[in-house]
Amino acid sequence: INSWGDQEANEILRQLVEQKGFYSLTKPGDFLNIIDLQFLAAMCHPGGGRNDISERLKRHFFILNCTLPSNNAVDHIFGSIGKYFCLERNFSNDIIEIVQKSISATRILWQTVKGKFLPTPAKFHYVFNLRDLSRIWEGILQIDYEQCQNVVEQYLQLWKHECTRVLADRLIVSMEKEWFRKEQHRIAKQTFGDVYNISIEEDSEIYFANFLREELDVTDDMGDDIDLADLLPKIYEPISSWNVLETKLMSSMTKMNEEIRGSNMDLVFFKDAMIHLLRISRVINMPKGHLLLVGVGGSGKQSLTKLAAYIAGYKYFQISVSRTYTLNNFLDDLRNIYRRAARLGQGIVFV
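Here full-length UniProt numbering is used: the first residue of the sequence shown is 1, the next is one more, and so on.
No lab work stands behind these hints: they were computed from the structure. Mixed in with the good hints, there may be bad ones.
To be verified - Straight-line Cα separation of at most 27 Å, DSSO-like style, residue types lysine-lysine; simulated pairs:
1. Lys-101 - Lys-182
2. Lys-123 - Lys-271
3. Lys-114 - Lys-288
4. Lys-248 - Lys-301
5. Lys-123 - Lys-182
6. Lys-177 - Lys-101
7. Lys-315 - Lys-255
8. Lys-182 - Lys-114
9. Lys-315 - Lys-248
10. Lys-101 - Lys-83
11. Lys-123 - Lys-177
12. Lys-123 - Lys-301
13. Lys-288 - Lys-234
14. Lys-234 - Lys-255
15. Lys-83 - Lys-114
16. Lys-271 - Lys-255
17. Lys-234 - Lys-248
18. Lys-315 - Lys-288
19. Lys-189 - Lys-177
20. Lys-288 - Lys-123
21. Lys-101 - Lys-114
22. Lys-83 - Lys-189
23. Lys-301 - Lys-271
24. Lys-20 - Lys-58
25. Lys-182 - Lys-116
26. Lys-288 - Lys-83
Generate the whole structure from the sequences, applying the supplied hints.
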């Protein structure tokens with residue numbers, strides 16, 4: 001918003017709506033007419049750092065207020081997904097019952113967090129919406145019958161892990177994380193009863209990963225265009241110990257330095273670094289996974305992302321910004337990674 005209270009981008013849009021065009025920047029005085037164009041716009045409710053649009057722009061639109069689905073509708077949507085998931089993978093009735101109970105528990109936990117933690121200028125990323133529920137269930141649906149083995153405790157560990165990753169990982173204050181832990185425990189005990197036992201609650205170090213298994217060997221019947229990601233058995237399972245994880249990460253880092261020219265990565269895998277890598281790996285292994293790493297410079301965000309991309313079998317791409325780097329260079333870089341991702345089918349991590 002400028003000193004006159006206007007949002008310049010919205011004023012350009014208002015001019016386009018009203019006058020059906022705008023003046024050319026390259027040919028002063030020439031008016032460019034835009035024909036056969038209809039506008040469909042969307043915005044969040046003002047507040048929490050979001051500004052309202054001007055009445056001059058708002059008057060051109062027929063406004064509809066889209067409310068959130070009811071609790072019953074949300075439970076029905078994700079309940080149908082959970083039921084199909086259980087039947088497809090032949091889970092026992094005990095697992096099916098606990099999955100159905102976790103539908104409402106997940107929604108209640110999400111609603112509680114959404115109402116408790118509102119975005120502020122210092123916590124601009126405290127934005128919770130229905131996509132978070134989808135991400136929780138997207139993570140839960142990665143589990144297989146082999147890993148769950150019809151053990152209710154294993155499923156509840158996964159449920160706790162996914163809720164924590166999606167909802168609590170963005171919290172930046174220790175007191176807020178502690179509040180989330182207690183609230184999650186309260187809702188879980190209220191929903192699951194004694195099944196949510198003390199061992200699940202006290203074991204806060206449960207982390208899942210899909211890169212713990214050894215990669216498959218290349219055989220003659222595999223094509224020459226075999227992708228590295230196809231050789232990795234991505235089994236989503238809990239890590240057995242931090243020592244095992246550290247050994248796996250050290251081995252992966254050594255392989256990356258040997259295979260990628262110019263890679264001289266030398267990381268120390270202390271516990272917090274391994275936790276961050278697990279979080280990054282979880283997100284980039286999901287379809288259309290994207291994440292925002294918030295932290296001070298030099299804390300290892302790029303290095304951990306680069307290693308996580310290698311472990312996942314994806315290509316790592318980062319823009320090399322210089323004084324001569326222009327918009328055309330940026331567009332060329334985008335075309336390059338789009339071509340590799342779409343036409344060649346390569347997994348790309350774009351930093």
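Quick rundown of the hints versus the structure:
| no. | hint | verdict |
| --- | --- | --- |
| 1 | Lys-101 - Lys-182 | 19 Å, holds |
| 2 | Lys-123 - Lys-271 | 25 Å, holds |
| 3 | Lys-114 - Lys-288 | 23 Å, holds |
| 4 | Lys-248 - Lys-301 | 19 Å, holds |
| 5 | Lys-123 - Lys-182 | 21 Å, holds |
| 6 | Lys-177 - Lys-101 | 24 Å, holds |
| 7 | Lys-315 - Lys-255 | 15 Å, holds |
| 8 | Lys-182 - Lys-114 | 16 Å, holds |
| 9 | Lys-315 - Lys-248 | 20 Å, holds |
| 10 | Lys-101 - Lys-83 | 11 Å, holds |
| 11 | Lys-123 - Lys-177 | 14 Å, holds |
| 12 | Lys-123 - Lys-301 | 19 Å, holds |
| 13 | Lys-288 - Lys-234 | 17 Å, holds |
| 14 | Lys-234 - Lys-255 | 18 Å, holds |
| 15 | Lys-83 - Lys-114 | 26 Å, holds |
| 16 | Lys-271 - Lys-255 | 21 Å, holds |
| 17 | Lys-234 - Lys-248 | 14 Å, holds |
| 18 | Lys-315 - Lys-288 | 15 Å, holds |
| 19 | Lys-189 - Lys-177 | 18 Å, holds |
| 20 | Lys-288 - Lys-123 | 24 Å, holds |
| 21 | Lys-101 - Lys-114 | 20 Å, holds |
| 22 | Lys-83 - Lys-189 | 22 Å, holds |
| 23 | Lys-301 - Lys-271 | 15 Å, holds |
| 24 | Lys-20 - Lys-58 | 16 Å, holds |
| 25 | Lys-182 - Lys-116 | 14 Å, holds |
| 26 | Lys-288 - Lys-83 | 24 Å, holds |
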